[in-house]
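Below are the chains, spelled out letter by letter.
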Amino acid sequence: MNQSSLQSFLRRNPYLFTLLLLVVAIFFNFQFQDNLFEANVVNRNMRVLLPTMLLTVGQAIVIIGGGIDLSVGTMVSMINAILVTRILPDSTSSEIALGFFLACGAGILAGMFNGLCVAYLRLQPVVTTYATSFVFSGIALAILPRPAGQIPRPLTDFYRNPQLGIPTAVYIIILLLIFWVLLRSTRYGQFLFATGSKANAAYTTGVPVVRIRFSTYVWSGLFAAFAAIALTLLSGSGDPRLGDDMTLPTIVAVVLGGTRLSGGQGGIAGPLMGVAILTVIGNIISFANIDSWYQDLVNALIIIIALAGPGIVRLIRRLIGR
Amino acid sequence: MINSLKALQTRLSPPLLALLLAIILYFIGGILAPGFVNVEQAINIVRLAAFLGIIAAGQTLIIISGSEGIDLSAGAVVTLGAILAFRISNGQDSMVIPGLLVALAAGASIGFSNGLGITLFGIPPLVMTLGMTGVVAGTIRAVTRGELEGGTPPIMGKLISAPLVAGLPGVIFLWLLIGFGMWLLLERTAYGKQLFAIGINRTTARLSGVRVQLVVLATYTLGGLLAALGGFILLAFSQTVFLNLGQPYLFPSIAAVVVGGTVLAGGQGSYWGTMSGALVLTLLQSLLRALQIEEALQLIVLGSTLVVLISFYGRERKLRQ
Chain A
1 MNQSSLQSFL
11 RRNPYLFTLL
21 LLVVAIFFNF
31 QFQDNLFEAN
41 VVNRNMRVLL
51 PTMLLTVGQA
61 IVIIGGGIDL
71 SVGTMVSMIN
81 AILVTRILPD
91 STSSEIALGF
101 FLACGAGILA
111 GMFNGLCVAY
121 LRLQPVVTTY
131 ATSFVFSGIA
141 LAILPRPAGQ
151 IPRPLTDFYR
161 NPQLGIPTAV
171 YIIILLLIFW
181 VLLRSTRYGQ
191 FLFATGSKAN
201 AAYTTGVPVV
211 RIRFSTYVWS
221 GLFAAFAAIA
231 LTLLSGSGDP
241 RLGDDMTLPT
251 IVAVVLGGTR
261 LSGGQGGIAG
271 PLMGVAILTV
281 IGNIISFANI
291 DSWYQDLVNA
301 LIIIIALAGP
311 GIVRLIRRLI
321 GR
Chain B
323 MINSLKALQT
333 RLSPPLLALL
343 LAIILYFIGG
353 ILAPGFVNVE
363 QAINIVRLAA
373 FLGIIAAGQT
383 LIIISGSEGI
393 DLSAGAVVTL
403 GAILAFRISN
413 GQDSMVIPGL
423 LVALAAGASI
433 GFSNGLGITL
443 FGIPPLVMTL
453 GMTGVVAGTI
463 RAVTRGELEG
473 GTPPIMGKLI
483 SAPLVAGLPG
493 VIFLWLLIGF
503 GMWLLLERTA
513 YGKQLFAIGI
523 NRTTARLSGV
533 RVQLVVLATY
543 TLGGLLAALG
553 GFILLAFSQT
563 VFLNLGQPYL
573 FPSIAAVVVG
583 GTVLAGGQGS
593 YWGTMSGALV
603 LTLLQSLLRA
613 LQIEEALQLI
623 VLGSTLVVLI
633 SFYGRERKLR
643 Q
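Those protein sequence lines, which keep their order, are chains A and B.
If you use my numbering, the first sequence corresponds to residues 1 to 322, in order.
If you use my numbering, the second sequence corresponds to residues 323 to 643, in order.
To be clear, the hints were calculated from the coordinates, so they are not data collected in a lab.
Don't be surprised by glycine CBs; every beta carbon is placed ideally from N, CA and C.
There's no promise every hint is true.
Per the computed footprint, the stretches of chain A lying under chain B, defined by three or more beta-carbons under 8 Å from a beta-carbon of chain B, are [to be verified]:
1) 51-64
2) 141-150
3) 228-235
4) 291-299
5) 304-310
To give a feel for the contact side, a few chain A residues facing chain B, derived at Cβ under 7 Å [to be verified]:
6) Q31
7) T132
8) F134
9) V135
10) G138
11) L248
Next up, chain A with everything else stripped away, as it sits in the complex:
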């Protein structure tokens, strides 16, 4: 096979490795869990996947724009606290709508705060969003000091059960992909990639770099609100630390999805597959009869090998090429 054409094919399809990884992972999962493709198992997996996927979309947009957001997890916790204190088992539909509206507003405000610090004050994103994650965590604790709350049953049922035989999450994933294709084709989308790849060059050619950077964090806040809504409907209750551990998986998923942390490249289809890969790996480990004390280690090793995959391929090719 012509090597240069293979290389250019891979360059044009950066998701190929991710897709391959996902197929392999699902194959192994099926070996250990033979009811994997039954409708109710698919539904259960999809509804667990969706919150992290929504959160990862926001993270991917920030990373493509050249930043990173370490506060997404505590934003989810904060918005979960708002939701369960606003929506009670006997709430009317207008009260429920107000709850969702407030949740989105809180996410956008939190994202604007991050964006203000990073884009306008030019603070370093890693430490800044780490610092603001404390603020959001504190607000979550102030609103909801301990796990409590109950979401009305019809709402949680709507999220947990399939609609017209297809898991609710599938509709939302399709919407996300359409959203991304539309966003990428706009002028805003081009500005986003330009800002992430070479901010200075983009600035001199008239791209509103600061505003674009600011907007990526607002997207991230809004998607954190969506993730919080999905997670709250999934769990049906509130916990001021519910989302705290979701931040780091979103970053791993973005990298597994072939999006570079340095920005200016990538998309959201890869990161969405990245989330699926992480979940499937978790499934494999829990169904493969691995000694429970070894599960964390095996999980971490598989993730490192998956991360190293493209690098290993590159290394082998360079060694053969010589």
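Starting from the known structure of chain A, arrange chain B on it as the hints suggest.
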């Protein structure tokens, strides 16, 4: 006002400003919380800062090396270092040195693996060290099965955390020693010069004869080793180990480096800045605790103060130059 602030910024180096902030915080503490300002409390704060500062030493080197350099595995390595020293010494004074050596070797080899993943396979430092956190924590779980047996040799407490000379615990002297060692390493060795060079620009460093990959590998190895040393010292203070011992020190160690004026983009910084940063952070936390405000408010104040601190020196360059 803004102009005079700018003038102040140019005259004061970041480490000096951090130190100044620490002193101001201490006096604010004295005014707001009666009993906050006394010799005993001051020694205790410096002692806590010393733990954080030693753990942040490796982080300083790795962040200076640039190219998104960061070590998220430091917390797990701290835990590992403490557990190894705890198990191997098993409470016997004679086994302290073997325990320390094994802990350091384990830390160095984890750092080396981080370096390999980053240089050889091109994994971004953030996710490489994050994945390594999982591997280290997983290994600890798998090997110990949750049963952490062992003991802390009495000599460790005596030499490190209890008052040693003039009422000051040994860890403070050790911290000063490490501070001097770090200064020598960064400012007076070829390695230090090469580290700053690769932090500023890897391509120009390579073209002027620096073996970039080797320096990166050495830096992550040193980072792991210093984190394990931090774990050993933490054990003297905590006297016991648990699976999450080191994790609470991870992000404060990064924040201490940044507050001390080391640039996260790399190529610029000092360990003495990190030392002042560790003092500021420890003071801030002690002050919030002394004021006895509720946890929610503590978190909010801590987070906002961090943002303000970063805004002094963590700012990136303007787009228009």
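Cross-check of the supplied hints:
1. 51-64: Three-residue rule not met by the stretch 51-64 of chain A, so violated; n is 0.
2. 141-150: With 3 residues in contact (Cβ-Cβ under 8 Å with chain B), the coverage given for the stretch 141-150 of chain A holds.
3. 228-235: Contact hint for the stretch 228-235 of chain A vs chain B: violated, 0 residues under 8 Å.
4. 291-299: Since 8 is at least three, the answer is holds.
5. 304-310: holds (count 4)
6. Q31: Cβ of A/Q31 sits 22 Å from chain B, so the hint is violated.
7. T132: 6 Å, holds
8. F134: Constraint on A/F134 satisfied, holds at 3 Å.
9. V135: 4 Å, holds
10. G138: This interface hint holds because 3 Å falls under the 7 Å limit.
11. L248: A/L248 check passes; min Cβ-Cβ to chain B is 6 Å, inside 7 Å.
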